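Q: Take these sequences, add in the hints, and give me the full structure.
One-letter residues, chain by chain:
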Amino acid sequence: QSALTQPASVSGSPGQSITISCTGTSSDVGSHKLVSWYQQHPGKAPKLMIYEVSKRPSGVSNRFSGSKSGNTASLTISGLQKEDEADYYCCSYAGTSAVFGGGTKLTVL
Amino acid sequence: EVQLVQSGAEVKKPGESLKISCKASGYNFTNYWIGWVRQMPGKGLEWMGIISPGDSDTRYSPSFQGQVTISADKTISAAYLQWSSLKASDIANYYCARRFIGSYHPGDFDYWGQGTLVTVSS
Chain U
1 QSALTQPASV SGSPGQSITI SCTGTSSDVG SHKLVSWYQQ HPGKAPKLMI YEVSKRPSGV
61 SNRFSGSKSG NTASLTISGL QKEDEADYYC CSYAGTSAVF GGGTKLTVL
Chain E
1001 EVQLVQSGAE VKKPGESLKI SCKASGYNFT NYWIGWVRQM PGKGLEWMGI ISPGDSDTRY
1061 SPSFQGQVTI SADKTISAAY LQWSSLKASD IANYYCARRF IGSYHPGDFD YWGQGTLVTV
1121 SS
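Going down the list, the protein sequences come from chains U and E.
Numbered by the working numbering, the letters in the first sequence go through residues 1 to 109 in order.
Numbered by the working numbering, the letters in the second sequence go through residues 1001 to 1122 in order.
Hints are computed from structural coordinates only; laboratory data are not their basis.
Any given hint could turn out to be false.
As the list claims (entries may be wrong) - Examples of chain E residues toward chain U, derived with CB under 7 angstroms:
no. : residue
1   : Gly1044
2   : Trp1047
3   : Arg1059
4   : Tyr1080
5   : Gly1102
6   : Pro1106
7   : Asp1110
If you're wondering where the values come from, they're calculated on a predicted model, not measured in any experiment.
All C-beta atoms, glycine included, are put in the ideal place defined by N, C-alpha and C.
A: Right under this line is the structure:
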């Protein structure tokens, strides 16, 4: 069970949009709609931002959106804000377990 | 208010055993699965396993099966992660987290503990 593949880093300026990809296989990302995204600030616990590919938990800004095509899921953050600077992780259902992506560091320039 | 409060940081020697805890409050403990996530220093998140406190049904990542044991005590609303023989490679921050109700995904966690740092050094 290998970690899902994410870019190590992405960056954007305030107000811009960025997209983070998460590539798996037909055994995990590609086989269902159970992909989540987490945000983690340094020294803090992760926070759920997206679940079931594109749903937002209560309280999460609608600037965060998710999608999926084939074996690749994506997280898009629009109207970038400085507070969005953090690490982002995707997480996919993988049979009876789950697997995270390697994480992407988002820098807001 | 939902809270998951984890036990404090641990410093152990290689070969020693360890059991860390995650105490839940503010909700019906038996209704929600509790998962454990590892984060090694400077590294990403790793899903370790999950337990249903109501019936102790437990699932493990293949990477952690046989390396750790996850358990729960519903009488005191606590979940546990334990090692029988620690290794230097077990150095990490370990988080417990609650899987939110209605989710089919064992990685959908809506509340997290603060993390327990485990250090293994001779």
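Q: Compare the structure with each hint and give your call.
A: Quick rundown of the hints versus the structure:
Interface restraint check: Gly1044(E) against chain U, minimum CB-CB distance 4 angstroms, threshold 7 angstroms, status holds. The closest approach between the C-beta of Trp1047(E) and any C-beta of chain U is roughly 4 angstroms, which is under the 7 angstroms cut-off, so the hint is satisfied. Proximity of Arg1059(E) to chain U holds as hinted, the smallest CB-CB distance being about 5 angstroms (cut-off 7 angstroms). At its closest, the beta carbon of Tyr1080(E) sits 18 angstroms from a beta carbon of chain U; the interface hint therefore is violated under the 7 angstroms criterion.
With a cut of 7 angstroms, the hint placing Gly1102(E) at the interface with chain U is violated, because the nearest CB-to-CB distance is about 10 angstroms. Nearest Cβ of chain U to the Cβ of Pro1106(E): about 5 angstroms, under the 7 angstroms cut. The hint holds. With its C-beta approaching chain U no nearer than about 6 angstroms, Asp1110(E) sits inside the 7 angstroms limit, and its interface hint holds.
Checked against the numbered hints listed earlier, the structure breaks hints 4 and 5; every other hint is satisfied.
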